[in-house]
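There are 2 protein chains.
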Amino acid sequence: MTDFTRTKSRFAIPDGVVYLDGNSLGPLPVAAADRVGRMISEEWGKHLIKGWNVAGWMTQPRRIGDRIGRLIGAAAGTVVVGDTLSIKVYQALASALELNPSRRMILSDTGNFPSDLYIASGLLGSLDRGYELKVVAPEDVEAAISETIAVLMLTEVDYRTGRLHDMSALTRKAHAAGALTVWDLAHSAGAIPVDLAGAEADFAVGCTYKYLNAGPGAPAFIYVAPKYADTARPALSGWMGHHAPFAFDLDYRAGPGIERMRVGTPPIIAMAALDAALDIWDDISMTDVRHASIALADLFIREVERRCPELTLASPRDGKRRGSQVSFRHPDGYAIMQALIARNVIGDFRAPDMMRFGFTPLYIGEAEVLAAVDVIADVLNNRRWDTADYRKKALVT
Amino acid sequence: MTDFTRTKSRFAIPDGVVYLDGNSLGPLPVAAADRVGRMISEEWGKHLIKGWNVAGWMTQPRRIGDRIGRLIGAAAGTVVVGDTLSIKVYQALASALELNPSRRMILSDTGNFPSDLYIASGLLGSLDRGYELKVVAPEDVEAAISETIAVLMLTEVDYRTGRLHDMSALTRKAHAAGALTVWDLAHSAGAIPVDLAGAEADFAVGCTYKYLNAGPGAPAFIYVAPKYADTARPALSGWMGHHAPFAFDLDYRAGPGIERMRVGTPPIIAMAALDAALDIWDDISMTDVRHASIALADLFIREVERRCPELTLASPRDGKRRGSQVSFRHPDGYAIMQALIARNVIGDFRAPDMMRFGFTPLYIGEAEVLAAVDVIADVLNNRRWDTADYRKKALVT
Numbered sequence: 001m002t003d004f005t006r007t008k009s010r011f012a013i014p015d016g017v018v019y020l021d022g023n024s025l026g027p028l029p030v031a032a033a034d035r036v037g038r039m040i041s042e043e044w045g046k047h048l049i050k051g052w053n054v055a056g057w058m059t060q061p062r063r064i065g066d067r068i069g070r071l072i073g074a075a076a077g078t079v080v081v082g083d084t085l086s087i088k089v090y091q092a093l094a095s096a097l098e099l100n101p102s103r104r105m106i107l108s109d110t111g112n113f114p115s116d117l118y119i120a121s122g123l124l125g126s127l128d129r130g131y132e133l134k135v136v137a138p139e140d141v142e143a144a145i146s147e148t149i150a151v152l153m154l155t156e157v158d159y160r161t162g163r164l165h166d167m168s169a170l171t172r173k174a175h176a177a178g179a180l181t182v183w184d185l186a187h188s189a190g191a192i193p194v195d196l197a198g199a200e201a202d203f204a205v206g207c208t209y210k211y212l213n214a215g216p217g218a219p220a221f222i223y224v225a226p227k228y229a230d231t232a233r234p235a236l237s238g239w240m241g242h243h244a245p246f247a248f249d250l251d252y253r254a255g256p257g258i259e260r261m262r263v264g265t266p267p268i269i270a271m272a273a274l275d276a277a278l279d280i281w282d283d284i285s286m287t288d289v290r291h292a293s294i295a296l297a298d299l300f301i302r303e304v305e306r307r308c309p310e311l312t313l314a315s316p317r318d319g320k321r322r323g324s325q326v327s328f329r330h331p332d333g334y335a336i337m338q339a340l341i342a343r344n345v346i347g348d349f350r351a352p353d354m355m356r357f358g359f360t361p362l363y364i365g366e367a368e369v370l371a372a373v374d375v376i377a378d379v380l381n382n383r384r385w386d387t388a389d390y391r392k393k394a395l396v397t
Numbered sequence: 001m002t003d004f005t006r007t008k009s010r011f012a013i014p015d016g017v018v019y020l021d022g023n024s025l026g027p028l029p030v031a032a033a034d035r036v037g038r039m040i041s042e043e044w045g046k047h048l049i050k051g052w053n054v055a056g057w058m059t060q061p062r063r064i065g066d067r068i069g070r071l072i073g074a075a076a077g078t079v080v081v082g083d084t085l086s087i088k089v090y091q092a093l094a095s096a097l098e099l100n101p102s103r104r105m106i107l108s109d110t111g112n113f114p115s116d117l118y119i120a121s122g123l124l125g126s127l128d129r130g131y132e133l134k135v136v137a138p139e140d141v142e143a144a145i146s147e148t149i150a151v152l153m154l155t156e157v158d159y160r161t162g163r164l165h166d167m168s169a170l171t172r173k174a175h176a177a178g179a180l181t182v183w184d185l186a187h188s189a190g191a192i193p194v195d196l197a198g199a200e201a202d203f204a205v206g207c208t209y210k211y212l213n214a215g216p217g218a219p220a221f222i223y224v225a226p227k228y229a230d231t232a233r234p235a236l237s238g239w240m241g242h243h244a245p246f247a248f249d250l251d252y253r254a255g256p257g258i259e260r261m262r263v264g265t266p267p268i269i270a271m272a273a274l275d276a277a278l279d280i281w282d283d284i285s286m287t288d289v290r291h292a293s294i295a296l297a298d299l300f301i302r303e304v305e306r307r308c309p310e311l312t313l314a315s316p317r318d319g320k321r322r323g324s325q326v327s328f329r330h331p332d333g334y335a336i337m338q339a340l341i342a343r344n345v346i347g348d349f350r351a352p353d354m355m356r357f358g359f360t361p362l363y364i365g366e367a368e369v370l371a372a373v374d375v376i377a378d379v380l381n382n383r384r385w386d387t388a389d390y391r392k393k394a395l396v397t
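The listed protein sequences derive, respectively, from chains A and B.
Heads up: the first sequence is residues 1 to 397, going by my numbering.
Heads up: the second sequence is residues 1 to 397, going by my numbering.
Next up, chain A with everything else stripped away, as it sits in the complex (with noise of 0.2 Å):
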């Protein structure tokens, strides 16, 4: 069984913070700050321009790939970091569109996260060739599947709601009807167990700063399946996914496998604090993290609804069909939301009603729990969120 009394202890949380917002930025681990600190006075600092070779900086991208890909179902070898999840968005869209070159239907829901969606209008804008984005409600996504999608395109767990998608019979049923599929992971890495192999996914994305606690804008990953690495065409086709990329060609030649997914030259310094952030994982039982979480959701959904009933559950109330977050709707969700960050209850919100709390029980047991449901029931029922003070909008909601 996983110890998370211990895993607690490595994580720098302020005493009195209950950090309910792993789902949006995961909190820092202990052992993050000396790492990056050592990597820029003595591999930087020392090494200079030969830390690319002595302090492997250049297999990183793969080496740190590998990592994630264990938490995520991925054999060795196919998953590689770097860029942002955007960007790996338009590297696997793009990839999966030219695998599948007689269809022109690319099918999401609108419980994707908007990023995805505005990365796919961009690409179809540039590519000005009769593609569509059809975009239904999650419950409508797999009727919607048919013989005329080139891809499926989805994001496991609902960022808003922490619905859960089934991978395994959506991938299904999309390869039947000759479909691929691009499932990004965002909500879904460190947070569920994911079997991508297991699923047959064709290409997968996700951040490491939610769930995986890599610090803000960390780096982001991509997954391609053994059957497409070989084949699949980079659209980014940066020099560092080059077959050799000191040699200084002139034309570009795909490097082998997932190394071609690379493009640019790789974020050391973020990538130090990543590699710190994934240690904690090495003694870490993925189902015993969702028995866990599913646990502490259950109990908060239980004491919130007795102690709150104003508050509207905006997730499935089977554990099953949740990712790692709970939301609860309030048309003044927003300033209620600021009102428990001010009394150190930190959970977020996002547009247009919905207060978003997330339970890793990495750093989050049921004392947490139940001293956040403390917390909301004073705010809610005594109005401690109706000022001017709170309703007053910052730039990042």
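It should be emphasised that the hints constitute simulated quantities derived from the structure, not laboratory data.
These numbers were taken from a predicted model, which means no experiment stands behind them.
Do not rely on the hints blindly, as some may be mistaken.
Pairs involving identical chains hold if they fit within one copy or between any two copies, as the list cannot separate such chains.
As a list, the in silico BS3-like pairs of lysine-lysine whose alpha-carbon atoms are at most 30 Å apart [said to hold, decoys possible]: (1) K227 / K392; (2) K227 / K173; (3) K134 / K50; (4) K173 / K8; (5) K392 / K50; (6) K320 / K134; (7) K173 / K320; (8) K8 / K50.
Start from chain A and add chain B according to the hints.
Okay, now just chain B, sitting in the frame of chain A:
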């Protein structure tokens, strides 16, 4: 006058090292480790998700973009930071092509950094509608500008030889022929005075890990001329470039001006190092940098040619026609460079036979130039490079 003894003290260069590879990776600014450490421990660790507002993370790509803008002749609000240089090349080229829709030819040269050419061919592969990438010798660029060219895409300073294009004259000729320009400033920003506004450049991109000293894989930047900033369509339309990212609309609407060239969540840890590195430039005159760098490079050329006649100068002899680096050819350049590095004179090598030495007066003075030449002369004149060890190729050359 810029006091270059003072700037040298702002870098943590190991004792005894003569670092002539700032054209590949700038050395560590003394202030960077503390600055990044503070960002991690104080901002991420204590503010957690609130850092996006209270620590100003969300607006950093523009704020730091403006700091870089001052070094390259770009007005406030025309430069934004993020991603890698290859990604920024893709954005600039994709937008520029659409702004010149009736033409199908991109003109570049063999002195462009290969990744720029790779990115162009990847983009053209996606567009798949008759675009052509024409790559000529650097000295033939001017004559090749014709009324069939949609976009002239060049790196201002040749990464191998240091040869400097005349940005102003070539842009003028391109415009007269009805073409747009994309300038890569990888070897210009922080090395030589650049006047994007004065040259009427349309798009420009660059990296910050060379002469701007922001660390391995540090974020890149993009400039869009004000006349196109509100009309350029972003091909990589991520949520950070959306008009209202936190409205989470399903449809993309490009943000105002340069904001639309943002893509994904900004890399905050890496930007802390960049911000610290840019502090060094606050008291520096780029004209002083230019004069001092030419004087150092001229001294180096004179002394190397006098003492090592078997080396062939590959850079322009006229300092005004060079960037801030000097290259010499030798058939055994790779092994010679390894021997130099083993003796703490650090330059680098570019296939097939080019040894590069960068001269930035921020941390290099006459004493370092003469010390480097002593070592080069010893290695050459005593064939100290001629060992199996030095011939053994590393992953990164």
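Cross-check of the supplied hints:
1. Taking the shortest Cα distances, K227 and K392 never come within 30 Å of each other, neither inside one copy (51 Å) nor across copies (35 Å).
2. Taking CA atoms no more than 30 Å apart as the test, K227 paired with K173 passes inside one copy only; the shortest distance there is 18 Å, against 48 Å between copies.
3. In this homomeric assembly, K134 and K50 never come within 30 Å of each other (Cα to Cα): the closest approach is 49 Å inside a single copy and 35 Å across copies.
4. Within a single copy, K173 and K8 get their C-alpha atoms no closer than 40 Å, and across copies no closer than 63 Å, so neither meets the 30 Å cut-off.
5. For a Cα distance limit of 30 Å, the shortest separation of K392 from K50 across copies, 15 Å, qualifies, whereas the shortest one inside one copy, 50 Å, does not.
6. Taking the shortest Cα distances, K320 and K134 sit within 30 Å of each other inside one copy (27 Å), while across copies they are farther apart (56 Å).
7. For the identical chains of this complex, K173 and K320 are intra-copy neighbours only, at 20 Å inside a copy versus 64 Å across copies, given an alpha-carbon limit of 30 Å.
8. Taking the shortest Cα distances, K8 and K50 sit within 30 Å of each other only across copies (21 Å), while inside one copy they are farther apart (37 Å).
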